[in-house]
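Listed below are the residues making up each chain.
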Amino acid sequence: MLTIGDKGKKLLADAATDFANKALLPDREENDKFPFGPFFDQALETALELGFLHLALPESMEGMGPGITDLCVVCDRLCQVDASMAGILFTNSFAQRLLLAAGEAKTLEEAAGQDSARKVLLAAPVFNNPGEIRHLARAEKDNKNRWRLTGGVPYVVLGGVAARAVLPAAVEGSKGFGWYVVNANSPQIVKSATVFSLGLHACPAVDMTIDGTPATPLAGPEDGADLFRQVADAMQLVAGAMAVGLMKGSFREALDYSKKRRQGGKRIVEWSELTRILAEMSIHARMAEAALDRACQAADHGEHSWEHLAAAVSLTACSLACEATTDGIQVLGGVGYMKEYGQEKRFRDAKQIQALLGLAPMRRIKYLRRMLR
Amino acid sequence: MRPPPFEDMLVSLDASARIPAGMVSETREVMALGRRFAREVVRPRALELDARLHEDPDHLDWEFVKTANEWGLYSMWLPKFFGGGGYNFMSMAPFIEEVSSQCLAMANLIGVHYLGVGTLSASWNAQIMRRVFSEVAQGEKTGEPCLISLAITEPSAGTDAEEVDLMDRGEMSCRITRCDGGYKVNGTKIFISNGHLSTWHMTMGFEDLSRPSETAIMLAVKTGTPGFSFGRIERKMGQKACPASVLVFDDCFVPDELVALDHRQFSGLSRSHRQTTMQVIDYVVSTSRAGVGAFGAGAARGAYEEALAFASETEVDGTLLVNHEWAQCLLAEMYKNVSLARLTYMETNYANALYGFFRLMGSAPFFYSMKYAPRPLLDRLSGLFGSGWATRMFRQTHLENQLESEAHRTSGWASLCKFTATDLAVKNGHLALELMGQAGLRHDRRVEKHLRDAKLLQIYEGTNQLNRLNLFKCMAGADCGQAEPFCDCPAA
Ligand SMILES: Cc1cc2nc3c(=O)[nH]c(=O)nc-3n(C[C@H](O)[C@H](O)[C@H](O)COP(=O)(O)OP(=O)(O)OC[C@H]3O[C@@H](n4cnc5c(N)ncnc54)[C@H](O)[C@@H]3O)c2cc1C
Chain A
1 MLTIGDKGKK LLADAATDFA NKALLPDREE NDKFPFGPFF DQALETALEL
51 GFLHLALPES MEGMGPGITD LCVVCDRLCQ VDASMAGILF TNSFAQRLLL
101 AAGEAKTLEE AAGQDSARKV LLAAPVFNNP GEIRHLARAE KDNKNRWRLT
151 GGVPYVVLGG VAARAVLPAA VEGSKGFGWY VVNANSPQIV KSATVFSLGL
201 HACPAVDMTI DGTPATPLAG PEDGADLFRQ VADAMQLVAG AMAVGLMKGS
251 FREALDYSKK RRQGGKRIVE WSELTRILAE MSIHARMAEA ALDRACQAAD
301 HGEHSWEHLA AAVSLTACSL ACEATTDGIQ VLGGVGYMKE YGQEKRFRDA
351 KQIQALLGLA PMRRIKYLRR MLR
Chain B
1001 MRPPPFEDML VSLDASARIP AGMVSETREV MALGRRFARE VVRPRALELD
1051 ARLHEDPDHL DWEFVKTANE WGLYSMWLPK FFGGGGYNFM SMAPFIEEVS
1101 SQCLAMANLI GVHYLGVGTL SASWNAQIMR RVFSEVAQGE KTGEPCLISL
1151 AITEPSAGTD AEEVDLMDRG EMSCRITRCD GGYKVNGTKI FISNGHLSTW
1201 HMTMGFEDLS RPSETAIMLA VKTGTPGFSF GRIERKMGQK ACPASVLVFD
1251 DCFVPDELVA LDHRQFSGLS RSHRQTTMQV IDYVVSTSRA GVGAFGAGAA
1301 RGAYEEALAF ASETEVDGTL LVNHEWAQCL LAEMYKNVSL ARLTYMETNY
1351 ANALYGFFRL MGSAPFFYSM KYAPRPLLDR LSGLFGSGWA TRMFRQTHLE
1401 NQLESEAHRT SGWASLCKFT ATDLAVKNGH LALELMGQAG LRHDRRVEKH
1451 LRDAKLLQIY EGTNQLNRLN LFKCMAGADC GQAEPFCDCP AA
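Residue numbers (our numbering), protein chains in the order written: chain A, 1 to 373; chain B, 1001 to 1492.
Okay, chain A solo, but in the shape it has when bound (with noise of 0.2 Å):
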């Protein structure tokens, strides 16, 4: 993200370098084992003392105040080195701004007071749209008046690490769905073991089987679908910044590489195919960022029609970070398949990215449908 002649966004934007390079790097290859070796706890408490965890909410929260660019400038630097600690930050903001969009300021504030990580964080299904999916999930009132929720909640991130989830349920006798935050460690939640994915190893989820839990509710089958979009307007653009950055991480590495890589007897940077490769890395990742740039201001500012070209960006960037981390991989040859590289690693976490918010080819039927409203 760019931050040129913004003094608080480039303070921001170092911090976030800073803490990526000495609390990521070092156990990149090791963080990224979960669930076969430890949770990065420590690090994750450091991102809470830096209030990387808190910068969705409003500035009496401690937060950056409602505008999207403060965490699309974190995510941007975090994903250049590792993208997990950033699907972290963007499934909690995530929830946040639900919680936030819905008014339901004592449990944001109650979540955002605690003095650890874990207990701060809110769990989210970010990597779909609620309304595209047949729900497994129902919210009822039991005879005391009370919302519960049983059935099925795939795919919860960070659900078996945060002590809420915010999760969507149908409702009997109607055809939307609702917000419901429960307590992720209810005895009436069963979760599954971590969820083995593509990426983000290290912003682990799990499936949550729900026989009954009580549930606050942040908006009625009518609203759900319009909460979500609310939300995710402006979420896309974090997706798409984490897109970035990883174009961006991935562009270094592959080019720091050719230039030392001698095959056919010079460095491989020179060979002018491998040029044009490491060209268009460039150009897509510059080009990306420049936009991203662009619709941040727009959203903002609250721009006319600044969710369409939100979208726009987002699935743009999204899906040349694919190809970019493709090419990553490519330029280090077989090395770049390897665990001791960061390429094999942005190539998954870039894909994985890409599912963030719902089907990618039906985020793009949305985008033209919205706009023919």
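Derived by calculation from the structure, the hints in this document are not laboratory data. Be aware that one or more of the hints could be misleading.
Claimed, not checked - Covered stretches of chain B (in silico footprint by chain A; criterion: 3 or more residues with CB under 8 Å from a CB of chain A, positions within the stretch not fixed):
1) 1153-1161
2) 1168-1174
3) 1177-1183
4) 1228-1237
5) 1447-1456
Predicted model, so just to flag it, every value in this text is computed and none were measured. The beta-carbon is built from N, C-alpha and C at its ideal position, and this holds for glycine as well.
Put chain B with the ligand on the given structure of chain A with help from the hints.
Below, chain B with the ligand without anything else, positioned relative to chain A:
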């Protein structure tokens, strides 16, 4: 510019009249076997094995190798007169596609062995072929698998090891020194697929490191030979069950009878040592790259089949995904990718049948006499086919009689196949994940594994960049007098 020759353009049409009809029914039989093996052995274990290797990357899955050995898969495509099953080599690609559609790593545990077989065969050294292949066949009887690996890549030479022009400008480091009764090998080979699981390692080294293409030597090195040892196993993103090994040679003595090809053997040939090195490399890659194409077709198909199954059972916006028009078009695109990948490996195989590796074994008289000759007679012929006479006959047929244009046609098609099919495999992995969204990210839905596994296909057997350059050299730019492959203009 002259139009492309008929022989380059329509290889399959040319081949259809010449290929023995018996090969078709045999290939049908082999494909059915591949399907059964994939269904009964591969699919049930693919996920569990991948997860296990994620946890323990040093695990060597002897269980699978032994099962494949019991099914006869390591000798199935070896000539009958060396104790093998005698199936035509062309039928291996559809078999590989079937297995790859369920798990590329397991397909490699079988297919890479034939990369070793192909390399030894490309030396056309009948004595060593007889010795090594008989051990493979024997290993199936005793239940002790005997696999062959290929060791070319070195820490400082990956792309360079695939092409003589590059090799000579690069930094080859595996040194072979003449000594009494054989050679001594010193150096390290890296990324050797199936290394730790193999008994024999077809190893390429050089007598003079400043002139590698003119001093290349191919040796058969057996596990357990003093001075030979295994180094680490790489931590890979995918194809985890197929180990990529480091092989270390430290004054490793290889006797003359295990020298598959060196300058003394080259001396009877009319091509120079350098030209023959390239011809042998072309022989190896013309079949192995078709094999990688079959891996690609399989991976593309696996991703397609999982995506189709998902779309048939999942509702999006209240309608089954498979009934969204865009999803139908996307699935059709994926189906096309599988079919195209398959067409390229078949076309390459036809080129190999007419102009390359299979020209003798795939000819009707040879094919039928081998197919129907009684086993005891073939056993008796083993001595003849494993003799110096056979080496001369094979080399006359395959090395001497092969025209430059024929070597280019097979190598060119193999490169075209390799980068096309593998790019399509990666493409289908991407498309499947896009279609499946959240579900596709899960290991238990299989497509994420297909994508991780497929990415390797763009790298080994020459990166897809090297293969584009080779296609240019062999076919696309072959008529362009001004073109100089592998030179490139210096950066301004
Ligand atoms: C898992 C795995 C299994 C393998 N199995 C085997 C095996 O069984 N036996 C074996 O011998 N080898 C094996 N290999 C090695 C494989 O063939 C090499 O990795 C491959 O040839 C690329 O070499 P490299 O990795 O050294 O990349 P490099 O050659 O260093 O290439 C790095 C990048 O530079 C590009 N490049 C290099 N030279 C040029 C040029 N002249 N023009 C344009 N671009 C160029 C490449 O395309 C690539 O993008 C395996 C590799 C892997 C990763």
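Right, here's what the structure says about each hint:
no.: 1; hint: 1153-1161; result: holds (count 6)
no.: 2; hint: 1168-1174; result: holds (count 3)
no.: 3; hint: 1177-1183; result: violated (count 0)
no.: 4; hint: 1228-1237; result: holds (count 4)
no.: 5; hint: 1447-1456; result: holds (count 5)
Hint 3 from the earlier list is the only one contradicted by this structure; the remaining hints agree with it.
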